[in-house]
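Each protein sequence line maps, in turn, to chains W and X. Using this note's numbering, read the first sequence as starting at 1 and increasing by one per residue. Using this note's numbering, read the second sequence as starting at 1001 and increasing by one per residue.
Source of the hints: derived by calculation from the structure; they are not laboratory data. Each hint should be verified, as a subset may be incorrect.
[Said to hold, decoys possible] Coverage of chain X stretches by chain W, computed from C-beta distances (three or more under 8 Å per stretch; other residues unrestricted):
no., stretch
1, 1084-1097
2, 1162-1172
[Stated by the list, open to error] Heads up, simulated PhoX-like pairs for lysine-lysine below, C-alpha to C-alpha not over 25 Å straight-line:
no., chain 1, residue 1, chain 2, residue 2
3, X, Lys-1180, X, Lys-1250
4, W, Lys-228, X, Lys-1250
5, X, Lys-1180, W, Lys-38
6, X, Lys-1071, X, Lys-1085
No residue lacks a Cβ here, since even glycine has one placed at the ideal position from N, Cα and C.
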Amino acid sequence: MMISAGIDMGTQRVKVAIIKDKQIIAQSQNFSGFEPAKVAEQTLKEALESAKLSREDIEHITATGAGVNMASFADSTISMMGADAKAGAYYFPSARTIMDVGAEDARAVKCDENGVMMDFVVNARCAAGAGTFIEAMARALEVEMNDMGSLSLNAERASPINASCVIFAESDVVSLIHREEPKSEIARAIFDAMAERVSSMVNRLGVTPDVVLIGGVAKDVGFVASLKRRLGIDILIPEEPIYAGAVGAALVAAKRAKRRH
Amino acid sequence: MTNNNNGKTEYWRWLEYRKSMPNMNWKDAKIVTAGVDVGSVGSKAVIMLDGEIYAWSVMRTGSNSSDSANKALGWAMEGTGLTLKDFQYIVGTGYGRVNVPMANRAITEIACHAKGANYIWGPTVRTVLDVGGQDVKAIRCDETGKVVSFLMNDKCAAGTGRGMEVIADLLQIPIEDVGKVSLSVTEEPEPVSSTCVVFAKSEAVGLLRKGWTKEKVLAAYLRAMATRMSELIEKVGCEKDFVITGGQSKNIGLVHRVENILGIKRLPVPNLDESGRDPASAGAIGAALFAKALYEKSQNVRG
């Protein structure tokens, strides 16, 4: 029996996954907040409680994510791209291209059948290609962030909007609301713009099927619809894509623990 | 900086202004033209009498481009007795140039800024940095103010006036003061790591929490902004004389840093009250000059 854990220190949320003999047995998440180090401890504790385990039962913990250094209790670290590749191949063994869209960045990773990363591209410079965009636009449109996706699916077309930048889109949205443009069409414009950014990023890498989408934004039906339309291919999404980084890290942890046996 | 209806201080809101030359009379002029520059953030109107600046206004652009054009020109005309039919030719320019209802023609703001800079500073101008509300342009021009080449960033708020407004509001520093305040730091801090306004905003919040002063955070943001636009200028090639136009030409914190990075000084801003040569209105000035040239051309063709 082998139990390991992965912790993903995201810019917005901290995620923990515990796996036992390659099966996920617990997952938990919290907002990173002002003290991510404390949140990391707390999130691990919660995951252990739900798995009815104690800290001593975990053989190895691997950390990943933007705030990886904040998880001081981890035994080792893995790059975000490495974790993405492992997780993608774990959920879908046929995965060759894995896209990860998080709160503040987006990545695409190419991997082989063993989940070994071959190549990657990153966008961490522009908020219009990440989840923050949806959040800011939901605020401007005065709708719940989780309703943005289904709202956009009602639209036949997208509003004309400068959606290449969150700041510009914010001011455009104000005038569009003023002109009584349907919110659904504005929402669709937002997702189309995000999909455009993410697809032009992944196109630099080359799209090899099967394509897997992970990260918190993979849960958004509006974004997924726009991305599928833009790429013109089917996209595989795990049931809980937000934990993918943590799961990937836990898989790496399992391998590293085994090596020491 | 103003207070809105809810009594909330709006640090980003800059002051609108208008002026006309008291010693000029449009009735003595042969050709009355106007340039109307509807930018994403500011709308500018310049009225010229035989190619000399007579009256001008700078206002915030509202949610409707044609309304903003009407308001800006209307304000410039205020008190002069001019009516729209007194103009021989009007040129619209800027982000909203296709929606300038009274214009005889629309011309791109790139051509207008180069032309305007040539008028404001004279024929030695070769490189124009225009920092507007929603875009940053680096323009190379010849001694007649004709565009030779240009580069533009219009897809991202990083380094634009709109981005500056967002940061001023976050730090609660009146937009008119950001430049001066940013220069009050004793030592220049490292620039913020991302020029994306959204990320810079979160980074700024983090730095404030770490105990950085507002001045220091502002300096770090302006440093990043200046670095970004200096890269744009270097790509187009910076040749003397160098000038800065657009609303952010008033931001001395930005100007100082750009000069510092490029190792070149901009030509000083002329006395506005004496000549109306306002770098923020360079686009509208260029448009009014094009209006004059186009009118003369139409007369020659007919004659």
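Hints and how they fare:
A stretch counts as covered by a chain when three or more of its residues have a beta carbon under 8 Å from one of that chain; for the stretch 1084-1097 of chain X and chain W the count is 0, and the coverage is violated. With a cut-off of 8 Å between beta carbons, the stretch 1162-1172 of chain X has 3 residues touching chain W; three or more are needed, and the interface restraint holds. Between Lys-1180 (chain X) and Lys-1250 (chain X) the CA atoms are separated by roughly 10 Å; this keeps the pair inside 25 Å, and the hint holds. Between Lys-228 (chain W) and Lys-1250 (chain X) the alpha-carbon distance is near 46 Å, which puts this suggested pair outside the 25 Å criterion.
Taken as a hint, the Lys-1180 (chain X) and Lys-38 (chain W) pair is broken in the structure, with Cα atoms around 39 Å apart against an allowance of 25 Å. In summary, the hint linking Lys-1071 (chain X) to Lys-1085 (chain X) is supported, as the alpha carbons are separated by about 16 Å, within the 25 Å threshold.
Hint check: violations occur at hints 1, 4 and 5; the rest are consistent with the structure.
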